[in-house]
Each structure stands twice: as C-alpha cells, then as structure tokens.
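**Student:** Residue-level listing of the chains:
There are 2 protein chains.
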Amino acid sequence: MNIAILTIGDELCIGQIINTNAAWLAQSCTDIGAHVHRHITIGDSTTALLNELHVLSKEVDCIIMSGGLGPTHDDKTKETLVSYFNDTLILDEETLHNLKARARLRGLPLNQRNIDQAMLPSQCRILSNPRGSAPGMLFQKDVIYVSLPGVPSELKGIMNDHVLPLLRSEIEKESGNKPFFRTILTKGIPESALADLIGDPTAFLKDDDSLAFLPSYHGVRLRIGVLNAEPHTAQHRLDELQTLLIDKVGEYVFGYGNDTLLSVTTELLKQQQKTISVVESCTGGMLGSAFTQQSGSSSYFIGGFLTYSNELKMVLADVSEQSLTQFGAVSKEVAEEMAKGGRQRLQTDYCISITGIAGPEGGSEEKPIGTVWIALASEKQIIAKRFNFGNDRAINRERSVAQAIAMLYDDLIIKG
Amino acid sequence: MNIAILTIGDELCIGQIINTNAAWLAQSCTDIGAHVHRHITIGDSTTALLNELHVLSKEVDCIIMSGGLGPTHDDKTKETLVSYFNDTLILDEETLHNLKARARLRGLPLNQRNIDQAMLPSQCRILSNPRGSAPGMLFQKDVIYVSLPGVPSELKGIMNDHVLPLLRSEIEKESGNKPFFRTILTKGIPESALADLIGDPTAFLKDDDSLAFLPSYHGVRLRIGVLNAEPHTAQHRLDELQTLLIDKVGEYVFGYGNDTLLSVTTELLKQQQKTISVVESCTGGMLGSAFTQQSGSSSYFIGGFLTYSNELKMVLADVSEQSLTQFGAVSKEVAEEMAKGGRQRLQTDYCISITGIAGPEGGSEEKPIGTVWIALASEKQIIAKRFNFGNDRAINRERSVAQAIAMLYDDLIIKG
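Protein sequence lines correspond, in order, to chains R and B. Residue 320 in the numbering used here sits at position 320 of the first sequence, with consecutive numbering throughout. Residue 346 in the numbering used here sits at position 346 of the second sequence, with consecutive numbering throughout.
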C-alpha cells in the first residue's frame, strides 16, 4: 500500500500556515503499515490538482487529499474531482440533514452555500463528518482517492472513523513486505559522537534494515526500520536491533517511540509520588504549561508563580532585595532563592525556577542575551545551572523548558 | 521566478516531525515576490531525489532543498547532487576551519565524520553556515539549485544571508507580473456568513485579482492577491480591494498581515498603559506564556498564579472554600473570585482567570469535558464567560487562551 499525501490550499503553498495535516496523515498511515511515498502541496488551482491526480494515480495505490472543500469560491477540490472522474453532483439527504442540525444548534439560518455542500459526486462513498459541514469523499477505482476537509479535527475524525479502517483491511489482504519502525530516544550526546559509538551500520544492518539519526533540541532519536511480510518476524528483528544498539549507547537512552523526556519525567514523578511546582520568569508559564499537557497531571503538578517583575520575585517567592541588587535578576543566587522560596510557599517536593534574558533585547557583556539560570530545589539540595541558548527568544524559552525538565529527570533517575 | 520546495528526510515523510521548514521557506520566497509552485517531501532516498530533480528542473526556475546534509550514513543529499551534476568532492578550507573552531569551542575532538563535511562539490557556490556544521550549496545552472541543512535556525540563517538576496536580485531583473498579497484578519463571524456579506467576488475582482477565505480557531482571514509587474500599481490595487472589503465587513476586522489577536491586544495594553496578570488552572501557564512571547512584555505583563490545586486557589487567589464546595472549581463564581483575587494580590489593571475541565477525563453531565470558565477582572467590573471546546485536551487549552485574549481585546477596544 503506497500512499501519496496531497495537501491543497494557497495558504499552505505560500507558507502562511504550517502543514500539520500532512504530518498527522503520514504518521497514521505509517502506523498501520502503509508506505508513505511522498507528500505534495499545491495551491487552490484546478489545473495543478488535475496534474497531480494524473501523475500520482500512476505512482501509488492511494491518494489522500485534504483541503479545498469549504463553502467559498476558492474551494475547488469537489468540482475538480467531478471533472476528473467525469461525474455529476447529486443531493445527499444525510449530509443535508447534518447541515440543518448544525445550523439549528448554532441558531443560524442555512444559507445556499451550506446547502451546496450537500451536493456530492454520485460515484463517491460519502464519509460523514459530524464535527463539521463538509463530508469527506472516497472514490475506489484502480487507485483509492480520498478527499478530506482541511480543518484538522474534522480530517482526523474522518480518517479514524472511515479511512484508516478501510486501508488497514486492504493492507491485511496484501502479501508483500511492509515497513515496521521503532524509535530509541537519546539525550546528552551529539549526533556525530553517537554515530561513532554505533560504528559502521552496514556491519549489523541486513538488506531490508535501516537506521536513521534524527537530531532535535531534546536529543538525537535513533529510528530503526525493517521490511517484512510478517509482523511477528518484523518485531523480532526490531528487538534484535534494539538490543544491539542498547549495548552500544544504552547509557544515553531515556525512552522509546512516542515517549518524550517530559512524559518519562512525569511518569517518574507519579511512580515516586513526588509533587512539583514552578517559579517562572522569562518563560512566563511555559514550564507549567508543559507539566499540565497530560491528563492526570494534578497528581504531581500543584501550581506555581509567574514572577515576571522583580517585585513579585520578592513578594511571592521570598527572593531577597539584596540578591536582586547585588547579583541581578538573572543570577545563580536569584534562581536558587526563587526555587527555594517557591518550594516552601507551594509545599511541593520539587520546585523549578527559570530566570533569563530571553532576548532579542536586554543583554550585557557579562550576561549576554540567551543567558538563563535554572534551579531545582528538592528536600535535600538546590542545584543551579547556567545556560546560553543564543539570540532567538522563542528558541531560548523552548530550550529553557527542555533543560529544566532534563534537570528534574536526572534527579529522579538517580533516586529511582 | 517559479520555486519548488523539496524537503528531504524519512522523519518528514513518515510524519514523525512537522514540516515547519517548508512553510518558512515558502513564506520567505513569497515575501520577496517569487511564486511558490509546489512543495514536495520525500524520504532519504537517492532514487527519489534524482527523480524529483529531473522532474522539477523542467517545471521551475529554482529548487530549494532542505535536509540530508548531516554527518551520518542516512544523509544522502550531497552525494546525490554530486552524481546528478557529474561533479567531484573537493576539500573546502574555510568550512574545515569553521568545523575546527566549533569543535574547539565545545572542547570536543574533530572526528572523521566532521572532516568529511568539509568535502564539497567543486561546481557549487558554498553558502557558509556559522550556526552549524554543514554549509549550504548553490548550483547556478539553467535552474538554480539550493541545498540547505534541515536544522531550522541554520536553514533560516543561510537563506537570509545568501539565498534570499540572490533570488531578490534575480526577481528584480524579471519584467513579468509578480504576485502581491495582503491579509485582512476577522473575528467573531463564520466563513459562510462572511462570504454572504462580501457577496459574489467576481463582481469586484478583475482577472488577475484573487480572494481567499482562510478559516482558523482565531477567526477567518481574508487574503487578497493581485498580479502585477509594478509593485506600486499592485499596492494601489490592493488598497482598492482592501477598502472595498472593509466597507462590507469592517466591523469584524481586528488586524492585517502578520498581526495576531495577541499582538494587537498587547499593543493596546501598551498604548493604554495597562498592566495584566493571570490566574490559571487548566491551562497551567499557557496564557502567561502567550503574554510573554514578545520582547518588551514586561511593560504590561507583571506575573501570575498557577493555581492547579484547589488549595492554591484559596491560598493564593483568595477563592472562598464555600464557592469551591458549593459550585465546584469549574464555575462562574470560582472563575470570578480567581480573577478578582489575582487582580488584588498582583496589583494589576486587568487579571484574567481560566478554570476548566480540559479532558479527556473528568467531565460530568452538568459540566461535560471541555467546559471552561474564563473571567476578566478590571477596575470597574468582572466579566465571566462559559465555553465548551470539546474533548481534545490540547485544543481545549489552546482555544481557552485564544478566548481569554479575545475577552481582553474586546474590553480594550471599547475603552480605546
């Protein structure tokens, strides 16, 4: 099952929005054992869409399109598909019923644009969309053509309800090899040093095996892949390769697959029944936001102070005026006092503080832009570290949060 | 100047990471008046890359590639380009010098993998990369071929330093029409109602004009486009179209171009010299994080409380135990008390509170998952609103933040 992902919309083509749909679609197709051949993004153009359909229908088994199904004149996917398949539009009563119900719920009249959305190609299977107005469409010819709305929640709903079950059953019918992947997550070692430790991959990879290095701010991920017809054999080979890599670089490994350093760290907090609070300055709440991403976070995350002003650092977290005057708000002393004060006031096992010059303004020679102090207070000690992540404010804040989580992880792992 | 964006990497193709580079590249090219023809994403495959180069070189004037330049075996772009152009690798002394300096700075030895990164194709112009190890490459043939590293900060640096200046000068030499865009940002009106107010676009759009509706959580954006050889004439036509649209839907317009509701709102805070604080429960710091995204935010953002536990709602924000018991933590009363208490304790002009059931667990019949109360306290009043954004935790939190900012915007606009 070779799949092409075709995302449609001027806003994507000119880069006005980031294409999160393509990644989500590719990941869901990969997860069920399909092979994503390539992604293409085009603007709202009938000609461009017809071209891609002609080319891709010769390359792949399934084309998943998203976008261009809205009610306005720049939405051209439905009309283009009608023309491509030499089809006609007919009224779909169920879609019309759904549109009427939605309008009633919102207390809005149903206008002609909405009614037109219930006119659908006669040859397609209609994929109902309870989350929105435009349903998806599926044309099962020599190639499977799927057309989905561009709104992410609607796209995901239709994929999960209709498209993935169909593709899964098609893949089950296939007899050939399918790709299987596993990802090993490392931290604290650069890509080239990791590659040196692992050595020449051809020494242990067989023909159908693959090994990829995926660097990110949070560490390098190692993705191993195998091709096999049998899921069981594939998993066994992945186990072998995983064991081999763990032997070489195990000390840098913190998790697998969809784990993140955050998810692994919060899992350790739960296991060890520890609570955490935050006192944030330059990150303004990003660390607290990270700790509360997962459902169930109330078992470890208690709360925090956003002490953006120096006054609040004193009033809320008991930072001394002397430390602020003598060492400045971005200093070891202030970071430590923030974490210590926060831990006492908020009554938690751990408290993390972050204070820094996020930029792009405000640096000095002694403390250039990007200087960040992070402190971790626990029952027995306070650890403080200085970082510099450069001039970009957003990257600075993001990496500060990642390092704060890494400091907590390191402490929990030692105790675990 | 027709451009294709070709992003390379298995991690992109299987959807393991979101393709932010493609959007950034497309936006920068569009900004200088180039036309982005399409985006393609392929895996780490020499065959796939050669295929795309053959096809795209017949379609466009410039191919911008990113990815596959790292030091490990799965990075294949450089070797593929050498083969495509029938070129050879030679040592580039400047790149080697840069690599040595980087290694020295980090106190790491320079290994063979790093040294190999200084071997570069003889026919290319080398695009220096002070932010990383792999330089970019530019082959100026009938078509311009650009190859960039996949790390976003390095890619952006090389584009800004080398590629965009070159493309800009090439575009200046062209005599034909170029696309110009402007975006008008609306809120508080659905796409189809907006389309009805605007009426049939063919009544006012000329041949080379375009109008697109771009819906998002934050409201529908209207993007007008014109094609013209003269920037001055193009801007004049955009002015005309903008005036025409403002006449029709002006009451829903809050900004233009790269404005966001957040940037417009914080600008109003600055103009009116008002300060803001936050008391967050289910969003855990996301609202504070939003208010501190921009440099200079200390002029309006003072700080906040993350009151994830009920106890902290009482201790920090003076929420009464009675309200918590009688109405629950997710209620009008508690939201109002949080905002009122936060405003008093943190001494700001405005305070926004958010308390909700973010999901995917924890709802009841009376308060289903997704129920969120947001309150805005100011000198003269407290406004509280109830929302329900559905079952998805991440979307729920994101939309809560967007609505909190919208409530503040509405109050500031009335007073402004």
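Just so you know, these hints were derived from the structure itself, not from any lab. From a predicted model like this one, the values you see are computed outputs, not experimental measurements. Possibly wrong hints are sitting among the right ones.
[To be verified] A few chain B residues facing chain R, derived, Cβ under 7 angstroms:
(1) I42
(2) H73
(3) A203
(4) D207
(5) H218
(6) S309
(7) L312
Each residue gets a CB set at the ideal place from its N, CA and C atoms; glycine is no exception.
**Student:** Going back to the hint list, which numbers does this structure go against?
**Tutor:** Of the numbered hints, 3, 4, 5 do not hold.
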